[in-house]
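So the sequence shown is residues 1 to 113, counted in this note's numbering.
Keep in mind the hints are simulated off the structure, nothing from the lab.
Please note that the accuracy of each hint is not assured.
The list that follows gives simulated cross-link-like pairs (lysine-lysine, DSS-like), each with its CA atoms no further than 30 Å apart [what the hints assert, rightly or not]:
#1 24 with 100
#2 24 with 57
#3 24 with 48
DEER-style ranges, computed between Cβ atoms [said to hold, decoys possible]:
#4 63 with 99: 25 to 33 Å
#5 57 with 13: 41 to 49 Å
#6 105 with 54: 27 to 35 Å
#7 63 with 32: 32 to 40 Å
#8 59 with 90: 26 to 34 Å
Here a beta-carbon is modelled for each residue, glycine too, at the ideal position from N, C-alpha and C.
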Amino acid sequence: MNAGVTKPTQPVENKVISIRVLDKEYQVACPVDEEPALLESARLLDEKMREIRDARKMVGADRVAVMAALNLAHDFLQLQSNGGNDGPAMETRLRNLQNKVEAAIARGRQLDL
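Please build the complete structure, drawing on both the sequences and the hints.
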């Protein structure tokens, strides 16, 4: 047994990628191995936001984003309650993704001002 011996951890390599949501481009840093998931998440978010904007004739991106977030959170909770046993890990990944998207949106707002 190797009590007290810790294995050195590899530094996480981040990459800045561009995502496009409702025709606005955002720069988001993410671990290289999570890039495909982030791109797919951005695609899903863009799709949901367009559906909501077009169906409800909403103009404000903030309102559209909140409605999309609520819909995606609802979908997630439905999956979780239907036997998704990867709930805590998925919840952490969703929370991290949400933080990244919120930071990108905040940076975008600063550029718009």
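These are the hints, each one checked on the structure:
1. 24 with 100: 15 Å, holds
2. 24 with 57: 18 Å, holds
3. 24 with 48: 15 Å, holds
4. 63 with 99: 25 to 33 Å: 21 Å, violated
5. 57 with 13: 41 to 49 Å: Hint holds: Cβ distance 43 Å, inside 41 to 49 Å.
6. 105 with 54: 27 to 35 Å: 20 Å, violated
7. 63 with 32: 32 to 40 Å: 34 Å, holds
8. 59 with 90: 26 to 34 Å: For residue 90 against residue 59, whose Cβ atoms are near 32 Å apart, the range 26 to 34 Å holds.
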